[in-house]
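Novice: Sequence:
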Amino acid sequence: MLITDDFLPVPVPESLNATYLVPMAGLPTVGTKTAVQRLSGRLAEPVRGLARRMLDSPLMSVDTRPIHEFPELPPDLLTAFGATEAQLARLAAATHLVVVQADYRPGWPPAHEWAARAVAAAVADTVGGDVVDVFGLQFLDPATALRSLPDAQGRIRLVDWVLVPYSSDADGLWFTTKGLRRFGLLELQAQGVPDHLTRAWGAVMTGTARRLLRDWTDGLTGEEVPAFVQLPVLATVTGHDIAVAYGNPEQHGATAPVLLRLELDPATDPEADSFLTLRPPAGFPGPDGRYYATACGTLFTGITPDVRYARSGDAMSHAVATARASLGDIRARFLAGALPPETQLVVKYGLPGEDGPEYVWAGVTSWPTPEQIEGASASDANTDPAVRIGSAVVVEATDVVDWAVLDGTGVREGGWTQAVLDAGERPAPPV
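Going by my numbering, the first residue of the sequence shown is number 1, and it counts up by one from there.
Among the clues, some could well be false.
[What the hints assert, rightly or not] Here are the simulated SDA-like pairs of lysine to any residue, each with C-alpha atoms no more than 25 Å apart in a straight line:
no., residue 1, residue 2
1, Lys-178, Thr-95
2, Lys-178, Arg-52
3, Lys-33, Ile-67
4, Lys-178, Asn-382
5, Lys-178, Leu-234
6, Lys-33, Val-164
7, Lys-178, Val-127
8, Lys-33, Phe-7
9, Lys-33, Pro-194
10, Lys-178, Leu-137
11, Lys-178, Asp-76
12, Lys-178, Arg-388
13, Lys-33, Asp-76
14, Lys-178, Lys-33
15, Lys-33, Val-12
16, Lys-178, Thr-126
The set of hints was computed from the structure by calculation and includes no laboratory data.
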């Protein structure tokens, strides 16, 4: 194998395993093959064929065991990864577990994961129960599990398979991925991420995972499983990678690429995980966190996609009034194609929330009437689960509080409220 400074040799495991559980009170009353057959109309190819073939092969096993024979699932970790009280109660009341396991070689498609999840969802669907993804320590209802499987074109959303947890340390936030090992690839990590980039950097990690997973599976296309796959030391990530990872390939801006350097961080403890660490390119002056902030600004078209709430005070009120007064003019320029070349128009608007409006940004794709704007969200919203990075949104002009024209370096025009926030203006004291 050729080793150069441009590539990082990453070891390839010989085989991969997927394990899914279906807790139930009593024994299953429907056979596994019958359960899969009942879902035939809800399973697209290639998953339908994979599930049937693997059920008939030694690559998959389906066993029913008394629940006390299986190691206890930690409720605290299940809760941390989204388990509800109802799901935990059903687990506590279960007497048996249907254990679905599958093995397969590294490469694409990940037949072990797709087939095992499909079979477990089919079994859970017959009893109105839950699927437990042992790798991710996540509960999935059957409908959610089925939605995560490939569509008729073989496409998946990577966010349904790879999580991005984070925690605080002395230098900022420590981000990791949890899910790339399903495909044989080491998990990613990044340290020293500034606190205000929580949501943005999670999306960048997901987009980076998508890019590296493509390089990884491209290196596994031969008939023989290689001992190593060479990944580029400098990974190139774009807004398109993020949009595709979130399942919105048609909703992405033409962002400049961002470079992230890969370092192999092998575990010293044989029981611990090794990581691929994301760092700035060699020679970057300053702390890593500064580069991460610049990368987020580039990938999210110059506007940090973190949630910002309204502040009272003269400066903010004046900024909103200025933006709203010029909406008609910027719409006319947008429709006439009169904006500067290689720029993007974005608007900031409010979503209703219990603590007041939540303000997020969206890239404008169409402005058919003065009253309504069509666009693609630049961030995930806290208050509306349907508003996700890259998702299509329709914005009422009356909800707009700011607009900006962005180029590769940031805000070129507009962005008055952002300037107030970035300047750290404080609300006026109450009278």
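Novice: For Lys-178 and Arg-388, compute the direct alpha-carbon distance and say whether it is at most 25 Å.
Specialist: holds, 20 Å
Novice: Assess, step by step, whether the Cα of Lys-178 is no farther than 25 Å from the Cα of Thr-95, and give holds or violated.
Specialist: violated, 29 Å
Novice: Is the straight-line distance between the alpha-carbon of Lys-178 and that of Asp-76 25 Å or less?
Specialist: holds, 17 Å
Novice: Checking one constraint from the list: CA of Lys-178 to CA of Arg-52, max 25 Å. Satisfied?
Specialist: This hinted pair is violated, its Cα atoms lying about 28 Å apart.
Novice: Run the distance test for Lys-178 versus Lys-33: straight-line Cα separation, threshold 25 Å.
Specialist: The hint is violated at about 31 Å.
Novice: Compare the distance between the alpha carbons of Lys-33 and Val-164 with 25 Å, and conclude whether the hinted pair is satisfied.
Specialist: Violated, at roughly 34 Å.
Novice: Please work out if Lys-178 and Leu-137 have their alpha carbons no farther apart than 25 Å.
Specialist: holds, 10 Å
Novice: Take the C-alpha atoms of Lys-33 and Asp-76, compute the straight-line distance between them, and say whether it is at most 25 Å.
Specialist: Since the Cα atoms of Lys-33 and Asp-76 sit roughly 34 Å apart, the hinted pair is violated (cutoff 25 Å).
Novice: Decide if the proposed pair is consistent with the structure: Lys-33 and Val-12, CA atoms, cutoff 25 Å inclusive.
Specialist: Violated: Lys-33 and Val-12 sit about 33 Å apart, past 25 Å.
Novice: Is the hinted pair Lys-33 and Ile-67 satisfied, with a Cα-Cα distance of at most 25 Å?
Specialist: Distance of about 22 Å is within 25 Å: holds.
Novice: Keeping to a limit of 25 Å between CA atoms, is the pair of Lys-33 and Pro-194 held or broken?
Specialist: Not OK: Lys-33 and Pro-194 at ~50 Å, beyond 25 Å, violated.
Novice: Does Lys-178 pair with Val-127 here, judged by a C-alpha cut-off of 25 Å?
Specialist: The hint is violated at about 29 Å.
Consistency with the previously given hints fails for numbers 1, 2, 6, 7, 8, 9, 13, 14, 15 and 16, ordered from lowest to highest.
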